[in-house]
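Novice: Same order as they appear, the protein sequences are chains A and E.
Residue 1 is where the first sequence starts when you use this note's numbering, and the numbers rise one by one after that.
Residue 1 is where the second sequence starts when you use this note's numbering, and the numbers rise one by one after that.
Derived from the structure by calculation, the hints contain no laboratory data.
Treat the hints with care, as some may be off.
[Claimed, not checked] Cross-link-like lysine to aspartate or glutamate pairs, in silico, EDC-like; alpha carbons within 20 Å at most:
#1 E:Lys21 / E:Asp292
#2 A:Lys44 / E:Glu442
#3 A:Lys380 / E:Glu408
#4 A:Lys372 / E:Asp403
#5 A:Lys10 / E:Asp333
#6 A:Lys43 / E:Glu298
#7 A:Lys44 / E:Glu298
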Amino acid sequence: MKALQKFMDKVRPNFQKGGKYQYLHSTFDAFDTFLFVPGHVTKKGSHIRDGVDLKRTMFLVVIAAMPALLFGMWNVGYQHFLNINETATFMETFFYGFLKVLPLVIVSYVVGLGVEFIFAQMRGHEVNEGYLVSGFLIPLIIPVSTPLWMVGLATIFAVIIGKEVFGGTGMNIVNPALLARAFLFFAYPSQMSGDKVWIAEQVDGTTGATPLGHLLTATDKLPELPSVMESFIGTIPGSVGETSTLAILIGAVILLFTGIASWRVMFSVFAGGYLMGLVFNLIGANAYMTLPAHMHLLIGGFAFGAVFMATDPVSAAQTNRGKYIYGFLIGLMAVLIRVVNPAYPEGMMLAILLLNVFAPLIDHYVVAGNIKRRLNRMKKIAA
Amino acid sequence: MSTITTIKKGLDIKLVGEAEKTITEVLAKRIALKPTDFTGVFPKLLVKEGDKVKAGTPIFFDKYRDNIVFTSPVSGEVSEIKRGAKRKLLEIIITADSKSESLDFGVADPTKLNKESVTEKLLKSGLWSMIKQRPYSVIANPEAQPKAIFISGFDNAPLGPDYDFILHGKGEAFQAGLDALTKLTEGKVNVNIHSDLTKTKVLLNSKNVQVNEFKGKYPSGMVGPQIAALNPINKGEVVWVVNPQDVINIGQLFLTGKVCSEKIIAITGSEVLKPRYIKTSSGVCLHDILQDNISDVEKRFVSGNPLTGSQVELTGFLGAYDHQITVLPEGTDQRFLGWIMPNTDQFSYYKSMFSWLTPNKKYKLDTNMKGGERAFVVTGKFEEVFPFDIYPMQLIKAVMAEDIDMMEQLGIYEVEAEDFALLEFISTSKIEIQSIIHDGLEFLRKEMS
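Isolated chain A, as found in the complex (with noise of 0.2 Å):
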């Protein structure tokens, strides 16, 4: 390490003001700071600091979404062995997969980071950890055969359009990560839904289409749907890392534990889906109206939204009472949309998008009431 440590110091005159490659300041000041936490000390305020950064809470949500993503490698392999009637061993499924998988991921993160480069270089910021987060999620939320170029260009998109428009990590007003699933979703919509993208190779004449495909053609009864052990474990067609219900709780426990993610959002997310599922149940006017309520948090991109992108806490509302009212919100659009639109079989991501926008609304109406409250204190004072 010490070598190491030398050489840093020693190439980093190079690229401080002044130096051979200054342009490349932000750049060498991301991999400095990666392998080192600076010798950086405090100036004002408190003399000592937590020892917990935004690089390691960021880096956290990564652990936690790990789950998804493996059990997502070894369910494309699955799907597809499934889909050309071939037995495979778990290591053949999962390496069939993980081939298929980490070309998104590498190209979300290279794509995504030389964006965010170019950004902090151009600003003379230092690079921000937040698209460690987004580069991750991209790959899980969308189709695994969705051609590598435009998973670049959603990134740029969502990259710039979704935040460094607004300033970089932190001042954006949607979920980075959502946005480029959007972009994607009305740019190409051929490539984001129907029965055809779920599976990486899929034989002609076979169908692969995931559970709520099935639903929205339904008409008057309930189509033949997985069953709940079957959603919850993932063995079903769908985004990379959204079908499993299981590897998401799983990422879950980690988030809530470390309090990375807000319990307040997460819960509130199941709590309307659940209660706008039963809502359904009362009305059953159609096949999709008398779907369990439960179904409706473990199909889709449900769980995975209320999860890791419900929880964003850039996007989400800032108040703990605003948190119950943004979930809750979010669960109860995303079934509404589901059900009621039939333009759009995912109504996560928009349920999503929509309360993105929605949340410093609902943060203006909570903060309202503790102003409202110091007033009132006043003129108790002034009576």
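Given the structure of chain A, go ahead and fit chain E onto it with the hints provided.
Specialist: Using the frame of chain A, we list chain E on its own:
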């Protein structure tokens, strides 16, 4: 006795280097008055280098409030007047002699005086400067009508001094000080104690005042959360705040007629070889009391506690409102992959580090930032440790935007910079919140006057 107020939110940070309960007496050789300790004071000097002074001799006064004077705590000679950029007055250093002469301000029984005569005595002796006003944390305005006066009788900041120990045996002076303070307000004088830890009769037997019991983690020992729990400050109201040791010195003034500058300070921190209490003068030079008692690593000297204190040099002086010196290791080392390693030597509020496994371990924390500055990302954490009915992040943002209306609506008058110390500690974005709030309050004070 009244009901116990439990302050639920907060965090105790356990550090190595708590002061052992022994008192060593050290005569201060050099002391200094630092005009910069007093927010908003524009100092006008009354002495020059070489002047002989006694305890109680006026040294400088505030240009805009000329009845507020600052007096020498010891007798001796003005040895140096230090100025900074634009001739800003930084330190007036006085070398103490052995004569300990003092001006006589006259013995009096505060219970028999009225508000005007108590105020006058405190102003003349310079002890008035120890009474601070909230909001803005400035020296109290003698003409103002504070709605209450608050004295916190315990300090549960990291390595904070034990007031039970400091106040021991000083009941008479403390009561005399309280008697003087009760004359200054039509409201109550509140003495706030810890429901379990405060045992000293000095505080428990305080008369003619309201004794309030508190419990909870840090910052329940700070006046900010105590005021917010008992009687929050509304726009236009002021409350006054005094430290118990200064109450004693005020009491001594009435009992003896002299300016007493005695202060017991806690010498704390992991880089102090023998952390303990030292009886000396206010404004003492750190070198006088620390010289042989510190380790030889690179160090940070803090006048005050590690969260709210101010950085000083070893040749510098104790701050006017501080009762503690903390010596910490400077954290200039780079840590390899430090952001992801287990780091069992680090303390964290968050469960993503492992200090929650060892709740009773005492940590040796250095002054490293432990990360780069970022925009606010994490939400909901400040609220968990901030014992006010205030939305901290919204208030911080309003301050950053210099939006006065919003600051007022969100309760800026109820807080001081020091109330945000814990938030600054746990901030994963490493934002300097205390200085943001401090600057915001100064901005507000100038706009409102």
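Novice: For every hint, state whether the structure bears it out.
Specialist: Status of each hint after checking the structure:
Taken as a hint, the Lys21 of chain E and Asp292 of chain E pair is honoured in the structure, with Cα atoms around 19 Å apart against an allowance of 20 Å. The suggested pairing of Lys44 of chain A with Glu442 of chain E holds, with an alpha-carbon distance near 16 Å, which does not exceed 20 Å. Of the supplied pair hints, the one linking Lys380 of chain A and Glu408 of chain E holds, its CA atoms being roughly 17 Å apart against a limit of 20 Å. A hinted pair counts as satisfied when its Cα atoms are at most 20 Å apart, and Lys372 of chain A with Asp403 of chain E qualifies at roughly 18 Å.
The hinted pair formed by Lys10 of chain A and Asp333 of chain E meets the criterion: a straight-line CA distance of about 16 Å does not exceed 20 Å. Restraint check for Lys43 of chain A and Glu298 of chain E: satisfied, since their Cα atoms lie roughly 15 Å apart, inside the 20 Å limit. This hinted pair checks out: Lys44 of chain A and Glu298 of chain E have alpha carbons roughly 18 Å apart, not beyond 20 Å.
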